[in-house]
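First to last, the protein sequences are chains A and B. For reference, each letter of the first sequence is one residue, going 1 to 187 in this note's numbering. For reference, each letter of the second sequence is one residue, going 1 to 152 in this note's numbering.
Hints are computed from structural coordinates only; laboratory data are not their basis. Hints should not be assumed to be uniformly reliable.
The following label-pair restraints were derived from C-beta to C-beta distances [as the list claims (entries may be wrong)]:
id, chain 1, residue 1, chain 2, residue 2, range
1, B, Ala44, A, Gln7, 34 to 40 Å
2, A, Phe68, B, Gly25, 24 to 30 Å
3, A, Ser155, B, Ala7, 20 to 26 Å
4, A, Arg66, B, Ser49, 20 to 26 Å
5, B, Ala44, A, Arg169, 46 to 52 Å
6, A, Leu14, B, Thr5, 40 to 46 Å
Cβ coordinates follow ideal geometry from the N, Cα and C atoms, glycine included.
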Amino acid sequence: MSSGFGQELDAVSLARARRGDRAVLEALYARYSRACYTLAMRVLGERAAAEDVVQDVFVRVLSTIRDFRADAPFGAWLKRMTANATIDVLRRNRRFTDEDFESVLATMTDGGGGESAADAWLLLRRLPARARAVLVLHELEGYTHRELAQMFGQSESYSKSILARALKRLDGMMNEAGDRAETNDAV
Amino acid sequence: MPFDTDALRRRELLSHLPQFDPDPGLWARIDAAHQRQMRERRAAWRWLSAGLAAALVAVVVLPRGTGQRNDEDLASWQRRSQALEREWLARAHAAGDTRLHARLLGIDDRLQAAYDRGAGDAELAPLWKQRIEALDDLIARDDSPMRVVTRL
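Only chain A is shown next, with the shape it has when bound in the complex:
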């Protein structure tokens, strides 16, 4: 379910990136930018805001990769930076507008999901931004409640409570959608 942060980066490329090799840095971006952007989009739901996150993250990567110690995989380091940058945007209390679905649809990469991808996205978009953030980071990116608590600067019970409500709401929406589909079929 990982959105691409799990891709490995070989030691030679990492060493060249640390030395500031621009071609390698660009290749690094090409490899991981979709993962970053997808995470930010799933949480923020707005292309401009998600692109700002990717830009902030990669500018920081370019500035700090020299100091990257490789204690953890590069993807995990990048994912953490992306998650933190995305949460920072949420913390700034930005109000996200519901972006035109058709235009967002244009940036989706169809992983074979087709209509169900669009449906899944529409349901996720109906959750509040913070609930979406906890859901995406916990259920899709694999962060624990302890890690989420640290990222949000809240207690673990905060993260658990947000997630429980988000899941409940998602279940409710899925049931609603299922009922509607059945009704339409019957008609």
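On the provided structure of chain A, position chain B as indicated by the hints.
Relative to the frame of chain A, chain B by itself:
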């Protein structure tokens, strides 16, 4: 153990979530932002270096500059004192207040002694100021007799 159908459906739903590709021009913007940041850092570093250099100059050179200013102050007090003394001698037509003369001579003695032991500006300056005040008083009275004052 019963199946949690909600959890299964949820998992199914989340697995279908789409991925998104950023704008193709984003890398160029990131690269430009990084270059700009590097330029700003270099500029900030230059400013910091210049600031440190200025601070160093201030620490090393300023005390000398302050000394020069003290010298200038002392010299100006000396000049003023000597001008007042010339003015007072030029008048030289009245009987003076002996207490004022004694005060002036006392100051001159202390000044001489200070110079003899190589006193610094901090000690000399107040004596020159006192001498100026004494001469001002003598002139103000305008009745002092001509006396020989130690020329310093």
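Taking the hints in turn, this is what the structure says about them:
The hinted range of 34 to 40 Å is satisfied by alanine 44/B and glutamine 7/A, whose Cβ atoms lie roughly 35 Å apart. Checking the proposed 24 to 30 Å range against phenylalanine 68/A and glycine 25/B shows it holds: the Cβ atoms sit about 26 Å from each other. For serine 155/A paired with alanine 7/B, a C-beta distance near 24 Å keeps the hint of 20 to 26 Å intact. Distance hint check: the CB atoms of arginine 66/A and serine 49/B are about 21 Å apart, consistent with the given range 20 to 26 Å.
Between alanine 44/B and arginine 169/A the CB atoms are about 47 Å apart, so this pair conforms to the stated range of 46 to 52 Å. Under the hint 40 to 46 Å, the C-beta atoms of leucine 14/A and threonine 5/B, about 44 Å apart, fit the expected range.
In the structure shown, no violation is registered for any of the earlier numbered hints.
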